[in-house]
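Q: Spelled out from the first residue to the last, the chains are:
4 protein chains.
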Amino acid sequence: MPKLAYLGPEGTFCEAALRILAPDAERLPCANVSAALDAARGGEADGAVVPLENSVEGAITVTLDELAWGEPLLISAELLLPVEFSLLVRPGIGLPQIKRVYTHPAAITQCRNYLARELPDAVVVAAPSTAAAALEVSMPGSPYDAAIGPAIAGEHYGLFELAARMGDRDDTVTRFVRVSRPGPLPEPTGADRTSLVAFLRDDHPGALLEMLSEFAVRGVNLTRIESRPTGDGIGRYFFHFDAEGHVGDARVGEALSGLRRLSDDVRFLGSYPRADRVSPQLKSGVADPDFAEAAGWLARIRTGQA
Amino acid sequence: MPKLAYLGPEGTFCEAALRILAPDAERLPCANVSAALDAARGGEADGAVVPLENSVEGAITVTLDELAWGEPLLISAELLLPVEFSLLVRPGIGLPQIKRVYTHPAAITQCRNYLARELPDAVVVAAPSTAAAALEVSMPGSPYDAAIGPAIAGEHYGLFELAARMGDRDDTVTRFVRVSRPGPLPEPTGADRTSLVAFLRDDHPGALLEMLSEFAVRGVNLTRIESRPTGDGIGRYFFHFDAEGHVGDARVGEALSGLRRLSDDVRFLGSYPRADRVSPQLKSGVADPDFAEAAGWLARIRTGQA
Amino acid sequence: MPKLAYLGPEGTFCEAALRILAPDAERLPCANVSAALDAARGGEADGAVVPLENSVEGAITVTLDELAWGEPLLISAELLLPVEFSLLVRPGIGLPQIKRVYTHPAAITQCRNYLARELPDAVVVAAPSTAAAALEVSMPGSPYDAAIGPAIAGEHYGLFELAARMGDRDDTVTRFVRVSRPGPLPEPTGADRTSLVAFLRDDHPGALLEMLSEFAVRGVNLTRIESRPTGDGIGRYFFHFDAEGHVGDARVGEALSGLRRLSDDVRFLGSYPRADRVSPQLKSGVADPDFAEAAGWLARIRTGQA
Amino acid sequence: MPKLAYLGPEGTFCEAALRILAPDAERLPCANVSAALDAARGGEADGAVVPLENSVEGAITVTLDELAWGEPLLISAELLLPVEFSLLVRPGIGLPQIKRVYTHPAAITQCRNYLARELPDAVVVAAPSTAAAALEVSMPGSPYDAAIGPAIAGEHYGLFELAARMGDRDDTVTRFVRVSRPGPLPEPTGADRTSLVAFLRDDHPGALLEMLSEFAVRGVNLTRIESRPTGDGIGRYFFHFDAEGHVGDARVGEALSGLRRLSDDVRFLGSYPRADRVSPQLKSGVADPDFAEAAGWLARIRTGQA
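Residue numbers (the working numbering), protein chains in the order written: chain A, 30 to 335; chain B, 30 to 335; chain C, 30 to 335; chain D, 30 to 335.
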C-alpha cells in the first residue's frame, strides 16, 4: 500500500484527487506543495499528489517551479477534478437555520449567486481554507452554522451536505498530478502526455519559435506552454511544455532529443496516460512504423544499397 | 496634476514605482490591483500604476487577466524597480535593541541570511504586508522593534533606515506599468515596447507557432510570452505578448494586423518606451524605409509599371 | 488588330497556342524565343507568345532567363496546350503508300508505338523541326510520303491529316504565355496567377525558406518554383515563382512586398487569369475583407482607440 | 584500372573532367548522357562521368532525370571544371593565316570579343560539337584553318594551341559528377555533399516548405534545389536537393529520414567530398557529439532515470 503526500489538510480538493488517483493509498497531508513534494523526494512518502493548473486561475506556479528546480520527480498520472462546492452543515441544520457561513474567500466569490438567492441574510465570514472552515463548523458550539467546501471535507468532519454544486461556474476544473521519484515509466497507452521543462541555451530572438519547430516538424502537438522567470532578471524565461504522446513514441523521443540539443537544459517530467483519454490526430509519416521504415531505409543507404 | 491609483497601502513598492514614474502625481492607494484599475477605468483616477511581473515570482496574473478581460486600458510607461528591503526602526533603536521583528513572510524568506547573521536571537513575526508592518512598528508602544520593508515605508511612517538592501537577492526586480484609459499613444522613441493579448480563432495544433511566425516574418522580436487560461476548461489558453517596437513602426503594425487576421480577438495594450532603453537589433529589410520602398514598388507594379 | 510575335516557323505548336490566345491577331513568326521577345520589346510587335514549360521536359530555360534578365515584359495570359501529333500526307496518300516518314527526332520518340504498329516497314528520317518536315512533304516530288507534326502544320502546308493524337503520351502539355511591354494588368478574376523572379540579398542558408515563408504566412500558395543560375558561379541561384492570386489581392501584394524587402531584387512578371480556372483554397483570415478589417483596426489602435 | 564511360566524343570537356577525376581510368566515350549512364548501369563500364550543371546554363536536365528515374546510380565524386576555350590550329599556322574558323555555336557566342578583336576578317562556321570541329581541322586538306574548343581536343587531334582562355567569360564552370552502381560510400571528409531526389506524398500547398524545414531544423544547409516535372501534368514537380554534409553525419541522416517519412519516395544519390572543400558552418547543437549526447539522454529518460 503506497503512501502518498498531498496538499492538506484533510478534506481538500487535493485529497479528493488523491483518493481517485490512488484509492488504496495511505495519505500524508502536508502544509503546502513544497512540503508534499519534499516528502516524496526524501522518502517519507512514496509519491505525492499536487495541483498543477486550474482552468480559471491558471498555472500553480509553486508546483511548476518545484518540478523545474528541485530534486527530480516524475509525473506518473494526472486527474482533472471539477471544483464543486457543497454547503456543509451539522446534522439537523436546514437552510432556515443558517445565519453565519464560514468559508475561504475564493469560495465566497464563486458561490456568490447561490448565497444571494438562498441565504440572502446570512453573514459570510472568511476562513483560511475550506477544510479549516469545515473543521470549525463541525465543532460543537461553533459560532458558524455552515461551511462551504468540497464534499470530501463534509465526509471528514461529519457534516451533512445540504446542497451540492453550488458554485456559479461548476465547469471549473483543477488538474492534479501524481509524482514520484525517478523510476520506470507508465506504459504507453496510445493516449499519453509528456511533460518537460526547457531552458534556452542563449535567449536569442526566435528561440521559442525554434523550440516549437522541433515539435512541429515531428508532428508532436503541444497542449500547454508556460513561461516562467529564470530568476536572472526581467526578460529571462524558461518554458514548461506538455506534449501529446509518450517519450517511448519515436516522434516524441526525436522531438525531445532535438530540444535537448537546442537547449541549455531539458528536464523530462514524465510520460503518463491523459486523463481525457484523447488520442492524438497524427499527421502523415510520424507514427512509429513510419520512423521504423525510415530508419531501415537510412541504414540501407548508409551502406550504399539502392 | 494627474491623479494615479496604485496598489496600496502607502509605503508599498508600487507607491515607490509611482513616485518615480510620475513624481508630481496625486496618489490614490487602493486595496488591490483590480480596485486600482477600476479607479482608472471609472475616472476616479486619471490612471493607475500596477505590478505586471516579477523576476522571481513571474507574472502578476491578476494584472494580466484584468488587462485582458476588463474595460480596455493602455500601458503608457513601464518601470523596472529593484525589490530592496530595509530594516526600519523607531528613531533611537539600534541593532542590539531589536528583539522582535515584524514583516511579510516573503520578506522573511528573502532576508533569511541577514537575519541569521545580524539578528540571530530576534523573534520574527509574520505581518499581512510590509507596509502594515512599518505602520505597526511606528506606533508608540508597539510590541515590535523593527519592520522589514521598502525604504519608502520608512519615510511614510517616520522610521529610521538602520540597514538597506538586506535581501539575499537584491537583483530581484518588479516591472510596474502605468496605464490609463484609451487615448493618444506615447511617441515612438526608437526603443519601445508593444503589449497585446491574442485569443486563438480555433485552438488547433500549431496555432501558437503560427502566431509567432507573424512576428518572426516581419523581424519583430518578442520579449515576453505568457499563456493564460480562457476559463473554458483545461487546455484552452490565450496569450500575452510583449514585442519590441512601437505599433507606429511599419513592421510592428503589419505583424499586429497579421495576428488580428489570424485570431479570434487581439487586444492592443499599448506601445511605450522601454525602461531599459534597449533598441532592437533589426534584421535586414524590416525598417520603416524598407517598408516604404516596398509599398512604393507595389503601387507601381499594380499599375503595370516595370 | 494586335500583332504578336511567336516561335516560328509557321505550323508550330506555338502558333497553335497563339491562335487560341489571340484568334484575330496578326502573326509574326520568329526564329527563336529571344527574337520573339525582342520583337515585343522593340515595338516590332505588340506582344509575343512563347513556351514557358512543358509537363515532361520541364522549364523552357531560355524563356525564364529572358524574362528575368532582358528588358521587362509582363505576362498577360497563359494557355495549356496538349502536345498532339498528327500524321500528315499529301492528298491521295494512304497508309499503304507510306514508305518514308519525315519528322523531328522528339516526335519519332513520342510516336514510337504508332510507327511500330501501323508503319513497321517505313523508313523514318530526322528533320530539323516538325514544321520543316511538313513543308518538305508538301513539296511535289518530295522523297518523303508523310510528316509527323502538329495538325496546324498540315493546315499550313496543304496536307491531309491521316491520323491524329498518335503520340504515346497524349497527356503531354506545354504551357504558353502571352507577354507584352509593361502596362495595365488584366483585371482580377478570382482564379489568377502571379509570376515573379527574386534574387537573394545574400545567399545565406535558409534564404529560400525565408522567401517561402513570406508567401506561407499570408496564405499564398506557390504553384511553381524554379531555380536558375545567376551566372556568378556554381551554387548561386535566383528563383522563378508562380503564386496563386492576383497582385491586386491584399495577401499577394503584402507577400510580394515582403519578398521585395528580403531580396536584392524582385521582378514582377505579371498577374493573369489561370488557364485551368482553379480558384485558390484560402485559409482563414487572408481574404481581402480580412485585410481591410485588420487595416481598419490597426488605424484605430494607432490613434489610441480601444 | 577502372573503365569509365563519359559524354564523348574524345576531346570534350567531359573527357577533361574524367581525366582529372580518374587519371588512370580506361575511357569509354558515349554518344550522350543516357548512353554513358546505361554503360555504367549495365556493367559495360565501372562507372561514368557526366555533367550535372553549368554556372550559366543551369541544370543538365537529362542527367537529373536519368538519376531520378533510371536504375539507381550513386555519385561518388564531383569536379568543378572551368569552361575555357582554346584556338586550335594545325602546326605551322599563325593568326595571319586563319581565314576560316570552325566551332560549335556556343563557342562562337562565348568567344565573340576575341574573334572581333583578333580575327575580324575570318569566316566562322558552325560545327556540331567542338570536338568534331577539332577533328575536322586536324584533317589534311580541311577547308578550315582553326577550331575553337577545349585544350584537350587539341591534344587529341594533334593541334597546336595558338591561344588559351579566349572566352569572354572564363569564369563559367561546369560541375561534373562521377557515378557508379550502388556500393560502399566514400568516407566522410568533413567537407561533403549529399545529393537526393524527393517526390511529394501529395502535392499540397506548403509541401516544399515542409521539406525544407526537415533540413533546417537539423541545421543542414541546402546548396542546390531544382524542381523537375513528374510528367503527370503542368504543376506537378519533384525536387533535386544537394545538402551540406555526409549521410553518415547524424544531422544529415535524421534529415533524410524525416524527408523519407514525409515523401512518397526519396532516392539517395550519394554522399561525396565537395570539390570546393568548404566545411559547413554548423549551428549550435547539430554536430555528431550533440546527437550522441542527446541519444544517451533519451535512452536514460526512457528508462525513467533522472
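Each hint should be verified, as a subset may be incorrect.
Identical copies go unnamed one by one, so any copy, or any two together, can satisfy a pair.
Stated by the list, open to error - Here are the computed lysine to any residue pairs in the SDA-like style, where the Cα-Cα straight-line distance is at most 25 Å: (1) K32 <-> E184; (2) K312 <-> I263; (3) K312 <-> L327; (4) K312 <-> R230; (5) K312 <-> L229; (6) K128 <-> E73.
Source of the hints: derived by calculation from the structure; they are not laboratory data.
Q: With reference to the structure, classify each hint as holding or not holding.
A: Status of each hint after checking the structure:
1. K32 <-> E184: For K32 and E184, only the intra-copy Cα distance (21 Å) is at most 25 Å; the inter-copy one is 52 Å.
2. K312 <-> I263: between (38 Å within a copy, 24 Å between copies)
3. K312 <-> L327: This pair counts as both: shortest intra-copy Cα distance 21 Å, inter-copy 23 Å.
4. K312 <-> R230: between (29 Å within a copy, 12 Å between copies)
5. K312 <-> L229: Classified as between; 15 Å across copies, 28 Å inside a copy.
6. K128 <-> E73: neither (43 Å within a copy, 36 Å between copies)
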